[in-house]
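Number of protein chains: 2
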Amino acid sequence: MGDEKLLEGIRVLDLTSVVVGPATTLRLVDLGATVIKVETPEGDVMRSLGGPSNTGHFSGKFLHFNRGKRFIALDLKTPAGLEAMRKLLGTCDVFVSNIRPESLARLGLDAESCRARQPALIHCNITGFGPGGPYRGLPAYDTVIQGASGITGLTLKRDGAPNFVPLLIGDHTVAEITAGHICAALVRRLRTGQGATLEIPMLETMAAYNLEEHLGPASFCPPLGKPGDTRVLDPHHRPVATRDGWITLTANTDRQAAAFLRTIGRHDLLEDPRFRTVADRFRNAKDWYGLRVDALRGQDTAYWLKALAEADVPAMPCYTLEQVEADPHLKAVGLLVQEEHPQEGTIKTIRPTALIDGKNYDPGPPAKPIGADTETVLAEAGLSAAEIQAALGAGTARTAKAGAQS
Amino acid sequence: MGDEKLLEGIRVLDLTSVVVGPATTLRLVDLGATVIKVETPEGDVMRSLGGPSNTGHFSGKFLHFNRGKRFIALDLKTPAGLEAMRKLLGTCDVFVSNIRPESLARLGLDAESCRARQPALIHCNITGFGPGGPYRGLPAYDTVIQGASGITGLTLKRDGAPNFVPLLIGDHTVAEITAGHICAALVRRLRTGQGATLEIPMLETMAAYNLEEHLGPASFCPPLGKPGDTRVLDPHHRPVATRDGWITLTANTDRQAAAFLRTIGRHDLLEDPRFRTVADRFRNAKDWYGLRVDALRGQDTAYWLKALAEADVPAMPCYTLEQVEADPHLKAVGLLVQEEHPQEGTIKTIRPTALIDGKNYDPGPPAKPIGADTETVLAEAGLSAAEIQAALGAGTARTAKAGAQS
Numbered sequence: 071m072g073d074e075k076l077l078e079g080i081r082v083l084d085l086t087s088v089v090v091g092p093a094t095t096l097r098l099v100d101l102g103a104t105v106i107k108v109e110t111p112e113g114d115v116m117r118s119l120g121g122p123s124n125t126g127h128f129s130g131k132f133l134h135f136n137r138g139k140r141f142i143a144l145d146l147k148t149p150a151g152l153e154a155m156r157k158l159l160g161t162c163d164v165f166v167s168n169i170r171p172e173s174l175a176r177l178g179l180d181a182e183s184c185r186a187r188q189p190a191l192i193h194c195n196i197t198g199f200g201p202g203g204p205y206r207g208l209p210a211y212d213t214v215i216q217g218a219s220g221i222t223g224l225t226l227k228r229d230g231a232p233n234f235v236p237l238l239i240g241d242h243t244v245a246e247i248t249a250g251h252i253c254a255a256l257v258r259r260l261r262t263g264q265g266a267t268l269e270i271p272m273l274e275t276m277a278a279y280n281l282e283e284h285l286g287p288a289s290f291c292p293p294l295g296k297p298g299d300t301r302v303l304d305p306h307h308r309p310v311a312t313r314d315g316w317i318t319l320t321a322n323t324d325r326q327a328a329a330f331l332r333t334i335g336r337h338d339l340l341e342d343p344r345f346r347t348v349a350d351r352f353r354n355a356k357d358w359y360g361l362r363v364d365a366l367r368g369q370d371t372a373y374w375l376k377a378l379a380e381a382d383v384p385a386m387p388c389y390t391l392e393q394v395e396a397d398p399h400l401k402a403v404g405l406l407v408q409e410e411h412p413q414e415g416t417i418k419t420i421r422p423t424a425l426i427d428g429k430n431y432d433p434g435p436p437a438k439p440i441g442a443d444t445e446t447v448l449a450e451a452g453l454s455a456a457e458i459q460a461a462l463g464a465g466t467a468r469t470a471k472a473g474a475q476s
Numbered sequence: 071m072g073d074e075k076l077l078e079g080i081r082v083l084d085l086t087s088v089v090v091g092p093a094t095t096l097r098l099v100d101l102g103a104t105v106i107k108v109e110t111p112e113g114d115v116m117r118s119l120g121g122p123s124n125t126g127h128f129s130g131k132f133l134h135f136n137r138g139k140r141f142i143a144l145d146l147k148t149p150a151g152l153e154a155m156r157k158l159l160g161t162c163d164v165f166v167s168n169i170r171p172e173s174l175a176r177l178g179l180d181a182e183s184c185r186a187r188q189p190a191l192i193h194c195n196i197t198g199f200g201p202g203g204p205y206r207g208l209p210a211y212d213t214v215i216q217g218a219s220g221i222t223g224l225t226l227k228r229d230g231a232p233n234f235v236p237l238l239i240g241d242h243t244v245a246e247i248t249a250g251h252i253c254a255a256l257v258r259r260l261r262t263g264q265g266a267t268l269e270i271p272m273l274e275t276m277a278a279y280n281l282e283e284h285l286g287p288a289s290f291c292p293p294l295g296k297p298g299d300t301r302v303l304d305p306h307h308r309p310v311a312t313r314d315g316w317i318t319l320t321a322n323t324d325r326q327a328a329a330f331l332r333t334i335g336r337h338d339l340l341e342d343p344r345f346r347t348v349a350d351r352f353r354n355a356k357d358w359y360g361l362r363v364d365a366l367r368g369q370d371t372a373y374w375l376k377a378l379a380e381a382d383v384p385a386m387p388c389y390t391l392e393q394v395e396a397d398p399h400l401k402a403v404g405l406l407v408q409e410e411h412p413q414e415g416t417i418k419t420i421r422p423t424a425l426i427d428g429k430n431y432d433p434g435p436p437a438k439p440i441g442a443d444t445e446t447v448l449a450e451a452g453l454s455a456a457e458i459q460a461a462l463g464a465g466t467a468r469t470a471k472a473g474a475q476s
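In order, the protein sequences belong to chains A and B.
The letter at position 284 of the first sequence is residue 354 when you use the working numbering, and the numbering goes up by one with no holes.
The letter at position 380 of the second sequence is residue 450 when you use the working numbering, and the numbering goes up by one with no holes.
The following block holds chain A by itself, in its conformation from the complex:
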C-alpha cells in the first residue's frame, strides 16, 4: 500500500492539440494516468509553431505540455484510421478532445455516438462557447476569450488601455478545470458504474473566473458600487523599483505596515493618521504606495529583501524569466531537471509540483516523435500485426521512422 499513483491504470485517449487540451491531459499524466495522444500524420502544430527546437519537431512548449504521454498517429479521414481510433477508444476510460462539436459529430466521435457503444466512457470536450448562445461553434482563441470575458478590460480600468494577460490564461485555467471534472467523473463511475458526458465552455468559464473576483459591489441589486476590486486594480498597487531591479512586497496588516515604516526609516510616520489602520491606508492608497516608490530606489534588491525579511514583511524579487530557475527555493526543491531527449539532446524538464504522500511524482519520459507508439498501442487495442502493417502501408497510421525513435 502507498505506492500506487492516484490515477494509476486509468487510460485516457487524447485527441487534442495546441495548448488547452494538452495541458489538460498533462495534468492527468501528472496524477498517474496513461495518456495516449492521437496526432494526425502531420502532428500537433505546436511541435513546430511553439518555438525553435534542434530538430524542428519539439518546441519547448510542446515538450512541456506533452511529456509522459504515449504517441500514436492516425489519419481519421480514412475509414481504417477511424476504425482503429474506435477500437482504441474501447480500451480507454476517458476520451478528451478540443474539437468543435460539429466536427466531432462528423467523425462519429461525439458523446452520443461514443457512449452508445461504450456507456461507461467519460467523454469530455473543451469548447469555446457552450450550447444555447449565439457564439456556439465559433472558433476560440485565448485572445478572443480574454477580450469577451472582461479580462482585458481589467487592464483598461487599471492602466487606461486594455491589454492581454501575458500568459494563455484561458487555456491554462480551463485545462485545470477540465482535468478536475474528468477526475470527478471517474469518482462517480467507480461508485455507480455510470459514464459521463462533460463539456467545458471556455468563455463562460473564464467570465465566471473573472466575475467571481471582480463583480464585487455589482453583485447586489441594486448595486452597491461599480464592479472591480479596487485594491487589485489600483494603478499604484504594483512592483517597486530598487536600485538594481524590482521587488514585490505586501504590508497589509497594521503590524506589517508599522514594520515596513521602520524598515525604510520613516518612524516619523508611525502615528500619521493617513496610515494607521487598514481603512486609513486604503483611503490614502496613493500616498501609501508612493512611500515605497520613494524609499526603495535608494538600495539594491538584496538589501531590501534582507531588511524586509528581518522585519517579517512578506517580500520577494520580481524575477525575469531568465532569473526564475536560479531562485534559491526553486533550485533547492529541484523544479527543473535536466534529462536526455533521444532526438533533441539535453533538455530541461519541469517536474510535477504537488506532493502526494510526501513526494513529487516523476515527470515521465519526454515527448516522443509523431507515431512513436503507434504499433504498440494498436496491438494493445487488439489489431493484428497484419492489420497494423496494412494501416501503416496505406498511410492510415504512421509510425516514427526507426532512426528517429528512442
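Simulated from the structure, these hints should not be mistaken for lab results.
Treat the hints with caution; some may be incorrect.
Given that identical chains are not distinguished, each listed pair holds provided it fits within a single copy or across any two copies.
To be verified - Pairs of lysine-lysine, DSS-like flavour, derived with a Cα cap of 25 Å:
| id | residue 1 | residue 2 |
| --- | --- | --- |
| 1 | Lys418 | Lys75 |
| 2 | Lys75 | Lys356 |
| 3 | Lys401 | Lys429 |
| 4 | Lys356 | Lys296 |
| 5 | Lys429 | Lys356 |
| 6 | Lys75 | Lys296 |
| 7 | Lys429 | Lys418 |
| 8 | Lys296 | Lys418 |
| 9 | Lys401 | Lys296 |
| 10 | Lys157 | Lys147 |
| 11 | Lys75 | Lys429 |
| 12 | Lys418 | Lys376 |
| 13 | Lys147 | Lys376 |
| 14 | Lys401 | Lys418 |
| 15 | Lys376 | Lys296 |
| 16 | Lys401 | Lys376 |
| 17 | Lys75 | Lys147 |
Take the given structure of chain A and dock chain B to it, following the hints.
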C-alpha cells in the same frame, strides 16, 4: 441512473479562508460534494474585507467563493472546539486547509495526526512554498507569488516595467489544481481503500505554470534562445481601438490574414511579401500589427465585429467589467442568476459553467451567516444536544443569531 452528481455524497471539511482555499472547495461544491466550511467565531476575513455588502458580512467576493457550502463556527483555540472539529472530521472523506504547516501541527490537524486516527482520509494542505527549500513556512500572498514565479517579469519584458496580472491568478489557478488532486485521490481511495496526503505549494506550481508556457528556447542545453514566447510578449500584440471601444482579433492563418486585409480594404497588400506567410508576418510583426491600429479606428466596434464575422476572422469585443454580463452569449446561456439572499436581499449569483450530462448543475444555496449550520452539523457528527449547548454556551462554537438566520 443519470441523476447523481459527480461527487454526490462526498463530505469535505473545509478549514480555509480568503481566496485559494475557498475557491478550491467551491469547485468541489460545483461537482456535487458536501462542503462544511469551518470559520472562527469572527468568520472568514473575506466576509468584510472582500468589499461592501448591505450587512457588512457578505462581500461579493465572499458570496461568490462560498455559495453552496454549509457554515459552522468553532473556536479551535479551546480543547472543546478542537474535539468537536475532530469528531466532525471523522464523518468526512476530505480535509482541506490553507494553513502554514507548523500551525496545522500545533492544532494536531497535520496529516500524520489526522491519518493516524483515520487512515483513509484525504488530507490536503495548500502552502506557499513546499518542503526542502529556504522559503518553507514563509507567508504567501498572490503578489509575492507573482513576483517570484516570473509572472510580473513577463510584463517587464513586454512593457518595460513589471506589473501584476490584475487577477489573483496564483490563488485561482492553485485552487483548480488542488480540487483536481483531491478528486484524483478519491479515485484511488475508491479503488484501493487508501487515503492520501496532498500538498500543493503555490510558488513551485505557479513557476511551473509560467515556465511551461514561456521557457521555450531556453528549454534546451545549450539554449536555442532567450525564454519568453515572443508572440505573446510582442508589445504590438494587443487589443485594437475602434472609434468607440476596443476589440481583439486573431488573423493567424494565411486564409484569416487575407480575409482581414480584404475586410479593411487593403487588397493592395494581399501580395505584399511582408505578409504572405505565417513566418513573413511574424518577421514583420510591427508592420502587421500596425495595420490593424490604423485601419480599425475609423469605424465603431459593432461595424468591425460584423464585418470580421462575415469574413470568418475570429474577433470579440474587449468588454469592461460593466459590459461582460450584457454579452449576448453570456445572457443567453444565463451565466448570472438573480436570487434572494436572506440577509442581503437580491444578489447576482454566478452559476457553474461546465455541462455535465448535458446540463449545468445548480449553484446551491447562497453563502450563510457565520455558524448558520453549527448545531445541525455538530448533531450529525454525534454530539448530544447537551454537548452542543455546552459548547455554544462556552463560546467554543457559535451559531448564527436566530434573527440573522435564513
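Can you tell me if lysine 429 and lysine 356 fall within 25 Å by alpha carbon in one copy, between copies, both or neither?
-> The answer is neither: 45 Å in one copy and 47 Å across copies each exceed 25 Å.
Under a CA distance limit of 25 Å, which applies to lysine 296 and lysine 418: within one copy, between copies, both, or neither?
-> So lysine 296 and lysine 418 pass the 25 Å test across copies only (14 Å; inside, 46 Å).
First find the shortest C-alpha distance between lysine 418 and lysine 376 inside one copy, then the shortest across copies, and answer within, between, both or neither for a cut-off of 25 Å.
-> For lysine 418 and lysine 376, neither the intra-copy (30 Å) nor the inter-copy (45 Å) Cα distance is at most 25 Å.
When no copy is specified for lysine 376 and lysine 296, does a C-alpha distance of 25 Å or less occur within a copy, between copies, both, or neither?
-> Classified as neither: same-chain Cα gap 39 Å, cross-chain 29 Å, threshold 25 Å.
Go through the copies and call it for lysine 401 and lysine 429: within, between, both or neither, with a Cα cutoff of 25 Å.
-> within (16 Å within a copy, 45 Å between copies)
With identical chains treated as interchangeable, where does the CA-CA distance between lysine 401 and lysine 418 reach 25 Å or less: within a copy, between copies, both, or neither?
-> within (13 Å within a copy, 45 Å between copies)
Given identical chains, is lysine 75 near lysine 429, meaning Cα to Cα at most 25 Å, within a copy, between copies, both, or neither?
-> Within one copy, since 11 Å is at most 25 Å while 31 Å is not.
If the cutoff is 25 Å on CA atoms, where do lysine 75 and lysine 147 land: within, between, both or neither? Let me know, please.
-> So lysine 75 and lysine 147 fail the 25 Å test inside a copy (36 Å) and across (36 Å) alike.
Is it within, between, both or neither when you check lysine 147 against lysine 376 at 25 Å Cα-Cα?
-> neither (62 Å within a copy, 33 Å between copies)
For lysine 157 vs lysine 147, is the C-alpha pair at or below 25 Å within one copy, between two copies, both, or neither?
-> Within one copy only: 16 Å inside, 59 Å across.
From the Cα coordinates, with 25 Å as the cut-off, is the pair lysine 401 and lysine 296 best called within, between, both, or neither?
-> between (43 Å within a copy, 19 Å between copies)
Is it within a copy, between copies, both, or neither that the alpha carbon of lysine 75 lies no farther than 25 Å from that of lysine 356?
-> neither (50 Å within a copy, 48 Å between copies)
The earlier numbered hints that this structure contradicts are 2, 5, 6, 12, 13, 15 and 17.
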